[in-house]
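Student: Residue strings, one per chain:
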Amino acid sequence: MKKIILLALLVRILIMPFFYHPDIKSQHYHFQFFSRGVFNIYNYLSVNKKDLGYKDTFNYLPLTYYTFGFTQTVSKPLLGTSFFNWLNDWGENRNDHVDMYYYMFVLKLPYLFLDFAIAFLLFHIYKNKKLLLLWSFNPVSIYLIYVLGNFDVLPAFLTLLSFYYFKKDQLLFSYLIIGIAIALKVYPLIFLPFIFFYNKKDFIRNLKYCFFAALPLLITVAPFIYQPLFISSFLGSGLTQKILEFKLLNIPVFPFLYLLILAAYYYSKSKYRFEIAVTQMFFIFVGLVAFHPQWIMWFFPFLVVIFTRASLKGKLFLILYFLLIFSYIFLFDDNFLFWGHLTPIDSAFTDLTSPYQLFKLRTSYDPVYLQKNIHNLLMMIGIIASIKYAKDN
Amino acid sequence: MPKIIKIILIILAELIFITSLWVILPTLLIIDRNGVRHLGEIDTLPLDINHSYLQSFITDQDNLSSIALQLKNPEIKSTDTVYLQVANEKHETIRDLSVSGRNIADPSWINFDFIPIESTKGDLFYLKINADAPKDNLLYIFGNHQNKELNFKSSYKALSTKEALVNNLNNQKHRISQMSKIHLFSYIGIVTITSLALFLAL
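Keeping their order, the protein sequence lines are chains V and E.
With numbering that gives the first Met the number 0 as the guide, the letters of the first sequence map in order to residues 0 to 392.
With numbering that gives the first Met the number 0 as the guide, the letters of the second sequence map in order to residues 0 to 201.
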């Protein structure tokens, strides 16, 4: 076990510094104001917009700002003043700095702890060494956490922790922790009904404790709820719109399929019904939503469980499905979703021809059209797979 | 498997990983590199039969292969042609290029790509720019009204894999020399300690 952990740690330490996405810089640009005593980031950005190098709004919830503002403040001695010079440089060289590898290493340290915490939790819940191995060395979570460098690993960890406490019948902790996850990023809300209906017999107990899930969000959002700046910044994140975007006969499809999955889940007697339901949600989410790659992290800890339990055919299917997802991701017209990740090594990677540009230059095929087709394929395969999992459930 | 073999394999894997990321990938993929540039001028200078410009610069890399100019075609009306001549220190024209106004946005950076000039770092070049627009207010170039310095970017191309490797190694050497030594040794220290801990656990 010690060897696995150390090898996994070494792999991550070697990868962390050398991959970059501009999101980590733009997020930490906003987080820096926490150490300067800014409590209301939404108001601050609006009032000082003309003086700021980066003029985008802060599109996350307050707890996200406080949490990562705090971690950045704690990391200040490690980062040094040159980090803040780079952070506030939005000129031509905004995505280049000789010490960027070091900044990426330090900024991703919290994610490293959370990654291992997820590994520890998975092992603790399922008592399966293969699962630990799979989590430690699968390229997908390494890509999601250390290449994209987004903070979705935190709410993902908290969702898993909530599930852990739920399995131990500690409902108060379970609902409170998923409440914290929701207060960081709203998406764990979609898991809440599945936690609530896990044990049909415990309906009253769940009803008693489920309101604790709302507490963290209410407490952290309360000071801002009547501020239009907060509302417009937060709604600007677009997740809700994206979920409801895909319509048939003018009816959003996602809520309809979501309710079907929930209904099947309610009547299921499978020991792994929660994990299966999350996998089904993942399939319809990927198929119906114009998702950002880092959103896959929301479902991934549970997907790994399903992968471990799957037959060889099932494993092959999931691998091919993820290869399709990656081809979808790499076809975005954004070099920072391909070569640009290697900017800490050489800023010239940003200027390389991306797969999107290569398609456009070398073929008569429209890469946007190809990407759309891949997405439609993901939707069809996802719905079929979802039905198959429902039958197995 | 004997412990020593495992240790050797891990060290080899680390070296292959670092070499692939820092040497092999950049050498194979980064053939063109951005070089000396002049940016930040905000004046728009008229570009027509009565106005031409001369910009000099000294290359900071070998094999000049592209020049980008910041041009402006108000409301993308003009279909006139902008000409760029790249000349050596003796003012001899080496490359003659043009772009139609149809391809100039309002504003935009226009790349003039050409067969690489076998130049070396430190060579002096002149950029001669003019247009066949009949009058002012049709096409513009970004520069400085007073000293006529123009916004431009230069790019350079490695002519062989060996040259790309040399350019890459020089680039990395330059980068490493500029890195904070505390940061660098801290990181190397962490990798070393983790590797040693792994070797001891094997």
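The hints are simulated quantities; they were obtained by calculation from the structure and are not laboratory data.
It is possible that some hints are incorrect.
Claimed, not checked - Only pairs whose alpha carbons sit at most 30 Å apart, straight line, appear in this in silico DSSO-like list of lysine-lysine:
id, chain 1, residue 1, chain 2, residue 2
1, E, Lys152, V, Lys75
2, V, Lys270, V, Lys48
3, V, Lys199, V, Lys126
4, E, Lys2, V, Lys2
5, V, Lys75, E, Lys5
6, E, Lys152, E, Lys120
7, V, Lys75, V, Lys128
8, V, Lys128, E, Lys152
9, V, Lys359, E, Lys172
10, E, Lys5, V, Lys1
Student: Compare the structure with each hint and give your call.
Tutor: Structure-based check of all given hints:
Among the hinted pairs, Lys152(E) with Lys75(V) is inconsistent with the structure: their alpha-carbon atoms are about 36 Å apart, more than 30 Å. For the hint linking Lys270(V) to Lys48(V), the alpha-carbon distance of about 52 Å lies beyond 30 Å, and the restraint is violated. About 25 Å separates the Cα atoms of Lys199(V) and Lys126(V), which keeps this hinted pair within 30 Å; it holds. Proximity of Lys2(E) to Lys2(V) is assessed by CA-CA distance (about 12 Å); at most 30 Å being required, the pair is judged to hold.
Between Lys75(V) and Lys5(E), the direct Cα distance comes to roughly 38 Å. Violation of the 30 Å bound is thereby established for this hinted pair. Between Lys152(E) and Lys120(E) the CA atoms are separated by roughly 15 Å; this keeps the pair inside 30 Å, and the hint holds. Among the hinted pairs, Lys75(V) with Lys128(V) is inconsistent with the structure: their alpha-carbon atoms are about 37 Å apart, more than 30 Å. With a C-alpha separation of about 55 Å, the suggested pairing of Lys128(V) with Lys152(E) is violated against the 30 Å cut-off.
Only pairs whose Cα atoms come within 30 Å are accepted, and Lys359(V) paired with Lys172(E) is rejected, the gap being roughly 35 Å. Our distance criterion of 30 Å between C-alpha atoms is met by Lys5(E) and Lys1(V), whose separation comes to about 15 Å.
Consistency note: the structure conflicts with the earlier hints numbered 1, 2, 5, 7, 8, 9.
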